[in-house]
Amino acid sequence: MRRVNDILNTVRMLEEGNLDVRTVTMGINIDDCANPDIAKASVSVYKKIHSCAKDLVSICNSLSTKYGLNIVNKRLAVSPASRLLEGHRDKDGMQLARALDRAAADVNVDLIGGYTALVHKGITEGEAILINSLPEVLSQTKRLCSSVNIGTSKAGINVDAVRIVSDMILKIAAATSDNNGFGCAKLVVFTNIPENNPFMAGAYLGAGEGSCVINVGVSGPGVVKRAVETLVKDHPDVSLDEIAEVAKHTAFRVTRTGELIGREVASKLGVSFGVVDLSLAPTPKVGDSVGEIYQAMGIAKIGAPGTTAAVAMLNDAIKKGGIFASSSVGGLSGAFIPVMEDHALAEAIKQKWLTVEKMEAMTAVCSVGLDMVALPGDISAATLSGIIMDEAAIGVFSGKTTAVRVIPVPGKKVGDFVDFGGLFGSSCITNVACPDGNEAFIAHGGHIPAPINSLRN
Amino acid sequence: MIAESTRCVISLLAPDRIGIIQRITSAITDMGGDIDGMSQTVIHGYFTVILTAKFTQAYSKEQISQAIQDNFHTNEASVIVRDFEEKAVDIPKQSDRYILTLTGRDRPGIIKTVTTYLADNNINIEDYYFTIQGTQVTHIGEISVPEHIDIKQLYGELQTLVSSIDLVATLQHENLFRVANDIFSIRQLFKMEPCDE
Chain A
537 MRRVNDILNT VRMLEEGNLD VRTVTMGINI DDCANPDIAK ASVSVYKKIH SCAKDLVSIC
597 NSLSTKYGLN IVNKRLAVSP ASRLLEGHRD KDGMQLARAL DRAAADVNVD LIGGYTALVH
657 KGITEGEAIL INSLPEVLSQ TKRLCSSVNI GTSKAGINVD AVRIVSDMIL KIAAATSDNN
717 GFGCAKLVVF TNIPENNPFM AGAYLGAGEG SCVINVGVSG PGVVKRAVET LVKDHPDVSL
777 DEIAEVAKHT AFRVTRTGEL IGREVASKLG VSFGVVDLSL APTPKVGDSV GEIYQAMGIA
837 KIGAPGTTAA VAMLNDAIKK GGIFASSSVG GLSGAFIPVM EDHALAEAIK QKWLTVEKME
897 AMTAVCSVGL DMVALPGDIS AATLSGIIMD EAAIGVFSGK TTAVRVIPVP GKKVGDFVDF
957 GGLFGSSCIT NVACPDGNEA FIAHGGHIPA PINSLRN
Chain B
258 MIAESTRCVI SLLAPDRIGI IQRITSAITD MGGDIDGMSQ TVIHGYFTVI LTAKFTQAYS
318 KEQISQAIQD NFHTNEASVI VRDFEEKAVD IPKQSDRYIL TLTGRDRPGI IKTVTTYLAD
378 NNINIEDYYF TIQGTQVTHI GEISVPEHID IKQLYGELQT LVSSIDLVAT LQHENLFRVA
438 NDIFSIRQLF KMEPCDE
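Residue numbers (our numbering), protein chains in the order written: chain A, 537 to 993; chain B, 258 to 454.
Bound-form chain A, shown alone:
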């Protein structure tokens, strides 16, 4: 007989804590589809994706029924598409992108990542084709997501690439202006990009991965919030280390359910299981918010002094619980702070409690970076470059992943409201405190060298 409390606690995680598996992401290596004829390469890509992923959704759905556990998204992540564009012409990017998008639609997945270029040291012709195609590709495809890696702790920061990508972000926003610049929500600018991240828009299959692999992203902000809230309610004088302990134990359970699903999907498909990414990924739904966890911990106004400490403590507790739960933890694995996708964070932006600068500090101790932040449409490329370089500096110099996914919303100014709907959510437009004055620094271009790895004070 199982202990009654074990069963009831597990059921409550699902029923009251909104525990779900946020994404089952199949990584597919498409390098073998390269062809001097882009039409033939595109056909090969379509066929390979269809062959690998045709049963992914049905298997996920059957496991969802078996475990009474919602698997919210089924996604694909291919090896960097830029490699297939080497030796091709500018317009070929769009043809390849359409093949990827169509394949994703035909196997019924939500999104496909991997329209990716790794340019932290230099930019190849294929990578330039990919980056230059982004405004057209992200405005004319539905499911395709893109990522560009502009820095690593080994290579430093490619400032020339940062400048190019910043220009592209403004062009993507313009190309999708009829949808408030939504195309920018499908592009992540990374530093130290992980090779096995299952979350979008930054998922791609890294060079060190196998030919086909299942990675899983769990999601349990509601479960953690409920556990912390209950603890604090029952014991108002509880100490922070006891709160960390509860978060850690909860992360253990959440991670285990994710690994169960991932391994079973991989087993049924006859492919490798990769990692479970234990990131706390919110949705705009009330009760499924990372911001609500900070509120439950006692940060009533997210952004107030102490918020960074709360983020650090939660992020660490989640990692500790997850790492004990599974030997296959990877990806980003921390606490996300995607503003538009989290109603509590979006409210903090609206109230001006939370600023870009405060978020920058928070990203130094949490999972990703400035994520789903809506900015004024007239923001300059230099300002965007500065934002990206600041985040990249945190990542490069502290040896962690950071990223920027910001949306300059055409025609909107600070305080205006933008709503993308669904999981992408909504928020007011925010701004950087000092948006200019960095132009000469950015204009130098070149490379910020890789950091020294000793004398680390």
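No lab work stands behind these hints: they were computed from the structure. Computed from a predicted model, the values in this text were never measured in an experiment. For every residue, glycine included, the Cβ atom is placed at its ideal position computed from N, Cα and C. No false leads were slipped in.
Think about it this way: if two alpha-carbon atoms lie no more than 16 Å apart in a straight line, the pair counts; the simulated EDC-like pairs of lysine to aspartate or glutamate are:
hint : chain 1 : residue 1 : chain 2 : residue 2
1    : A       : K602      : B       : E399
2    : A       : K602      : B       : D353
3    : A       : K627      : A       : D573
4    : A       : K936      : A       : E731
5    : A       : K602      : B       : D407
Computed footprint of chain A on chain B, listed as stretches where at least three residues anywhere in the stretch have a Cβ under 8 Å from a Cβ of chain A:
hint : segment
6    : 385-397
7    : 400-412
8    : 415-429
Since chain A is already given, all that's left is putting chain B on it; use the hints.
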């Protein structure tokens, strides 16, 4: 008369007190019996145990029962001894274990309603228990669902059935509860028999 080297099934019901298991197992062991299975529980102060044992000497069921009774006060314990008949056990072998939970306002007849449905669908109940808090009750059934049964349809029918008596049902494969509450390697799960960790 139980033949040499055979198994029997023994159950006992008695008001709970310290030493019941010691008394019953001592009686069996002193007769040369080897206990190879045992499960017990207590409800509202009443203790019951079921066990299986192999005997190397020939005893009648009455002799075994009397030997156990002799370790208790008169009329304190009810004892049943039966021959172990493997063929008498009629449980579908190819099945998956699921956890069924029902929550809502307590009322008479819940167990009958649910167990009738399960029996009609050839679903074995391996364990069933419930807790009551005020007027609210939570039933938990550990059930073996034959492989041919469609889980989605089963869950739908159970939801419909219990909603008529104002209960909410959940149905989930046992492995979810195993991984969420135990610390064994999940990789081993796919190599293990149910509840073998």
